[in-house]
Each structure stands twice: as C-alpha cells, then as structure tokens.
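S.K.: Protein chains in written order, with numbering that gives the first Met the number 0: chain A, 0 to 484; chain B, 0 to 240.
Treat the hints with care, since some could be wrong.
[As the list claims (entries may be wrong)] With the Cβ distance kept under 10 Å, some of the chain B side facing chain A (calculated, not the full set):
no., residue
1, F20
2, L112
3, P146
4, Y153
5, G236
[Claimed, not checked] Only some residues are given here: those of chain A computed to face chain B with a beta carbon under 7 Å:
no., residue
6, R63
7, I73
8, T396
Treat the hints as calculated values from the structure; they're not laboratory data.
All C-beta atoms in this analysis are idealised placements derived from N, C-alpha and C, irrespective of residue type, glycine included.
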Amino acid sequence: MEQQTPGTATAAPAGTGYDNQIVKMFFTATVVWALVGMLVGVIIALQLAWWPANLGLPWTTFGRLRPVHTNAVIFAFAGNVVFMGIYHSMQRLLKTRMWSDVLSRVHFWGWQAIIVAAAITLPLGLTQSKEYAELIWPIDVAIAVVWVIFAINFFATLAIRNVKHMYVAIWFYMSFVITIAVLHIVNSLVVPAGLLRSYPIYSGLTDALVQWWYGHNAVGFFLTTPFLGMMYYYLPRAADRPIFSYRLSIIHFWALVFLYIWAGPHHLLYSALPDWAQTLGMVFSVMLLAPSWGGMLNGLLTLRGAWDKVRTDPVLKFMVVAVSFYGMSTFEGPMMSIRAVNGLAHYTNWVIGHVHSGALGWVGMISFGILYWIVPHVFGRPLANQKSPTTHFWLATIGIVLYTVAMWAAGLMEGLQWRALNDAGQLANPSFLDITNRLDPFLWLRLVGGSMYLLGAVMMAVNFWKTIRGPGPQVGPEPVPVGAD
Amino acid sequence: MEQENHPGSEKAYGQMHRRLFEGRAAFFAVMTTVAISIGALVELVPMFTASYGPERAEWVTPYTPLEVAGRDLYIREGCYLCHSQMVRPMRAEILRYGEWTRAAEYMYDRPFLLGSRRLGPDVQRVGGKYPDAWHYEHMRDPRSTSPGSVMPSYPWLIDARIDPSDVARSIRALARVGTPYDATDEASVSASLENQARGIVENLAATGITTEWDTEIVALIAYLQRLGVDGRRHLQGEGGE
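Just need the whole structure built from these sequences, with the hints factored in.
M.R.: Spelled out as structure tokens, the structure:
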C-alpha cells in the first residue's frame, strides 16, 4: 500500500537525517514573498480603480508594476512554496536526504537572487514584454542555471532513493522539473542588444505562439502539476486517509501532461494565427477538463469518511476549498477556450477573474493549507494562535468570491458592450472610454476582495512569526525525529 | 470504497504501471519528456517553416530606427498590458478599430505585442488616426485629450532622450535575426533617427509645441503613428473596408 499512503515512513536509513533546514528556508521565503506579491496586487488593483495611485512616477505605473505582481506571486510565492513542498515531501517519500545540501542551498539563494533581480529590473522598465517571461536575458540565463542545479539535485536524489517505487507526487514533481526547463529555454531564445535588451529569434505570430505555449504551460506545469503533487502528499497526510484511487492517479497524470502542452493557442483565438492551430488549442483545452477533474475527484474523494475533520481542521478547510476551486477554474478554462465563448471573454476582466480563481482559489488556498500543516511538523511547535487560521480561511474564501464575481460581472459587461450593435448595425457604445468608466464599482469591489485575501495572509504571517519566534512550547531544537513525522 | 477494501481490483493495471514506470526514474523522466514533446512539436514546428508560418508580404515594411526606439519605449512602459494590437475579424471590432489584422502585418514584430487585455482600446490601427500633437498631449496628461481616461500620465517621456548608439545596437540585433536594414552603423542609424524625428518636431511646432528631436516622446509618436498603416494602405488598395 505504499502507493496509497504517502510518507508513512517509520525510520530513515541509519546515519542520514532529512534536511529540514532547507525546508525552513523555503518556508520563510514563501511567506515573505507571498505578502510582497499580494501587496503589489492590491496596489495595482487600486491603480485600476483610481488612476492617481499610479503616483506619477515612472517606477510605480501600472505598466511596470503589473509584471512585478505576476512574477512575485508566480515565481516568488508559488515557486518557493513548491520548492518547500518538494524538499520536504520528496525526502520523506524517497526515504533519503537530498543528494546534495550544497546544491539545495545554491538553488535557494540563486532563486532568491533572481527574485530580487526581478524586483529591481521590472520597475525600471527592463522587460522582454512576454507575460510571465518578462525578465531580461541575463536573468533568464541565471534561471536556466539555477534550474539545472535544482534538476541535478532532484534526479540524483531519485537515484539514491531507498524506496523502489515512486509515489504519484514524485511523478508530478518530475513533470514540473522537466517541462519548465523546456518551456523556459525555448521561449527565451533571443539575440541580445547589450546587457539589458534583446530581441526574440521568433517574429510575429510565431513568437506569439511560442510565448503562449510557454505561458499556458507555465500555468500547467508551474501552478498545476507541482501543486497536484503536493496535494497527493499533504492532503492524505492531513486527512489521515489514503488516496482514493491509485488507478485514477495514473490515468489523470499521463492525460494531463500529454494534453496540457497543446492548449496554448487558446490564448490566440480569433487572431491571424492559422486556423488549424487555433482549433487544436481549443479542442485540447476542452479535453483537458477530464484529467483536471480526475485530479480534483481524487483529491475530494480522498476525504471520504473524513469529512467530519473538515469541520474542525483549518488545514483541511483550506485544502478542500482549494481543490474545489481547482475543479471550478478547470471547468471555466475549457469553456472559455471554446471559440465562441472566447470571442466574448477575451481581453476582458473575465479572464482576470478566471486567473484569480485559479491563483487565489487553488494555488493560494492549497499553499496556505500546506503551510499551516508544515509549521507544526517542521518547527515542532503548535501554532501560537489556533483560531486565527479559521478566520484567515473565511477572509480568503469570501475575498475570492468577491474578487471573481466582480471580475466576472465586469468582464461580461465590457465584453457585451464592446460588441453591441444598434438597430442601424452601428456600435451601440461607440465610446470605449464610457464602457471602461462603467466598470468602476466592480473594480472597487475587486479591490475589497483582494484586500481581504491579503489581510488573511498577513494574519497567517503574524501567526507563524509568533509561533516560530515568540515564547512558546518548543519541543526541541530539531523536534521532529528524523523520518518519524 | 471498493478500491480501498479490495486493492486487488486494480492490481493488474497498477502492477503494469508500477513495474514499467514507477521503479525506473530515468525511464519515467524520458516518457514524461516524450508526452510533453508531442503537442509542442506538432504545433510549433509548422509555424517555424516558411509555408505554414506567418505569411510574409512585400507590402509590410520594417520599423525604422526611430520606430524601433519608440517600440522599445512602448515595451518599457508596459503599454501592451492595457492596449492590444489585434483587431479580430468581428463586425463590432472592425467598426471600432478598422480592418482586422492580417498575419503578415506582424512579420517584423520582435517581440510580438498582441496583448492580452483591453483596459484601453486596441491600438493596432491607431497610426494616422490622431495628429502628432494629440499623442503628445495624451502622453503628458491623458485627461487633457480624453476626459475620464484612467491611463497614467507619462510626463517623463517629454524630457528623457533616446541614445542613438543604443538604438544602433538594437538595429544590429534585429538585422542579425533577419530584419532587412540597409545600414546598421551608428552614423546611418543616427541620421535616420534625426531625419524622421525632424518631421514630427515640425508637426508639433505647427501647434505651438516645442521639443527636441531626440526626446522619447518623439520616438513613441513615430511608433504609434506607424501602427497598422502598412496594412490599411494595402487593404484599402485591395478594396478592403
């Protein structure tokens, strides 16, 4: 049953212990960057509702801060939480310490240096303009180097594992390590014009297709597969139940990694991209519903017989809502990829709402659940405030609902008003600006929702700070016995 | 429930996967790579080949050095995050923005700037729609030309200067990836920059705006005034809308 009950190791091999320090390092980075990324998100949400918040400075305009927000939440917050989860769960699943502590630390500090470099260059307007691949080429080179270092450590650890069969979480981590490397390298091929500027080797719609092949699979393999891997480890641990179906995990894993990579062109529907490519993107996006829901169902059904725990355990509350939002946004995504629906949704706030139901609902909520679970297990202390996680949960959940409902309504409204024709066959709303100005109430509502989400994250950070730094029952310097957590 | 109580029911299936894949990390990694490569190759490779790639057309001209400088400013300020450059083939879009965008019109776009969000209107055919002075005022204070606009002001573009040697470096890089430029040396690029910029400076002067030829605002205006112009000229000649 090793396939269905992760991490029930009783003892690590003699003479080795798990490296908990690297887990703590990525944990700290996760919490810090989560606050930074979400704060910038709230700031740019304010700018959209109230333009003077651009402050009249080059470094603080929406056009320069928006990439700071997206890069911070994707690569700094989500990236660090994934690395934390991988370094924590992989050692336990494979019953071995990471192959190289040195490479683990080079990975950690290299990644943080890249984030800092991004936070400096993006406000300065140094960008390649490709969404989620904005960083200038020297930083891209650094990302590739750090990624290879991580991959070497990852695969070498697999090579020295003490468990013959790799648990499903490891499969998902592996797809993450491999695919992100491929995506990053192919999308970053440029000819430099000095240190700070470059031009891609692709042009026009080829460049657009490469970028959205990258962009959509960054969602797929940076924000989905590693998080599914973590779901497969931490949800059964938190619920103390085995995974619902081993067979389903096999099917949905292979279907997901095969189908995801095709979906990119749905970002270019109705463009001048060749029709066959648009249609492939649409069809594969719709098919993607099946493996996505396979993962959702495997997660939710793992809770069979344990639903009573959801009522009392905030960790499970976060995870259940996360997996539900995963299901919801992976239903909405395929629907929005249908050409006719996309014709309405594209370029509107609806897309922003969709992204955030995935980012806040799935990535954020499962991360919070894992963080609340991992602190007592890795730091060996009960949370300083046992009630605050439940408050955080409700703030975040209501915040997401306000956010997504506001964006959905705004998106539908602007999409319909952009296209509306009057009886004479002319534009019913000839002024684009008038339509934009009608969005105001929704933009303020979104700001409220996003701020609630940020507030919840601040509560979490304070709770962790008090737990780790403050006075309190400390079980010991390394309280979790090696291999026995 | 059944699986839990009777793990044997999925035994054969799982045994095969376990034996073939889960015990072999290297093989698993290779198969994962194969799984993600198929879709990527099927979609990307045809785009790289000339016949299926974005159409190429003689009526599309490369961006001039001044327009390249302006385009890099458009990228620096993140304009593409609020303004798309893609008129979709839908009646309302054509009425609002003009002729829908053809693939060939992007052939010199490195990087592409189709955008993913319209917080402001599409600008793919904005070239020639407003006078140079309108763009100048609009960048200085968007609400002076468009009351109620939510766009930030960009007053720093009016004072900051472009660096001809920097632009020449860009032109050489673009030439290296295949953009046809006759001359890429700094003197030629510099002369081209000034020549085109002088025209815009004169247009601005006619409305009482004084500016130096090498200011960033002039380069940005050059770029914006050129957007969609090749296509519109060609498509109107064809009897397009």
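S.K.: Measuring from the C-beta of L112(B) to each C-beta in chain A, is the shortest one below 10 Å?
M.R.: holds, 7 Å
S.K.: Given a cut of 7 Å on the nearest C-beta pair, is the interface hint for I73(A) held or broken against chain B?
M.R.: This interface hint is violated because 15 Å lies over the 7 Å limit.
S.K.: For the restraint on T396(A), tell me whether the closest CB of chain B is nearer than 7 Å.
M.R.: Since the shortest Cβ distance to chain B is 26 Å, the answer is violated.
S.K.: Mind checking the CB of F20(B) against every CB in chain A and telling me if the closest is under 10 Å?
M.R.: holds, 8 Å
S.K.: Against chain A, is G236(B) within 10 Å by beta-carbon distance?
M.R.: Hint violated; G236(B) Cβ to chain A Cβ min 19 Å, cut 10 Å.
S.K.: Take the shortest C-beta to C-beta distance between R63(A) and chain B; is it under 7 Å?
M.R.: holds, 6 Å
S.K.: Using 10 Å as the Cβ threshold, decide whether P146(B) counts as touching chain A.
M.R.: holds, 8 Å
S.K.: Was the hint right that Y153(B) lines chain A, CB cutoff 10 Å?
M.R.: Nearest chain A Cβ about 8 Å off; hint holds.
Violated hints, in rising order: 5, 7 and 8; the structure is consistent with all others.
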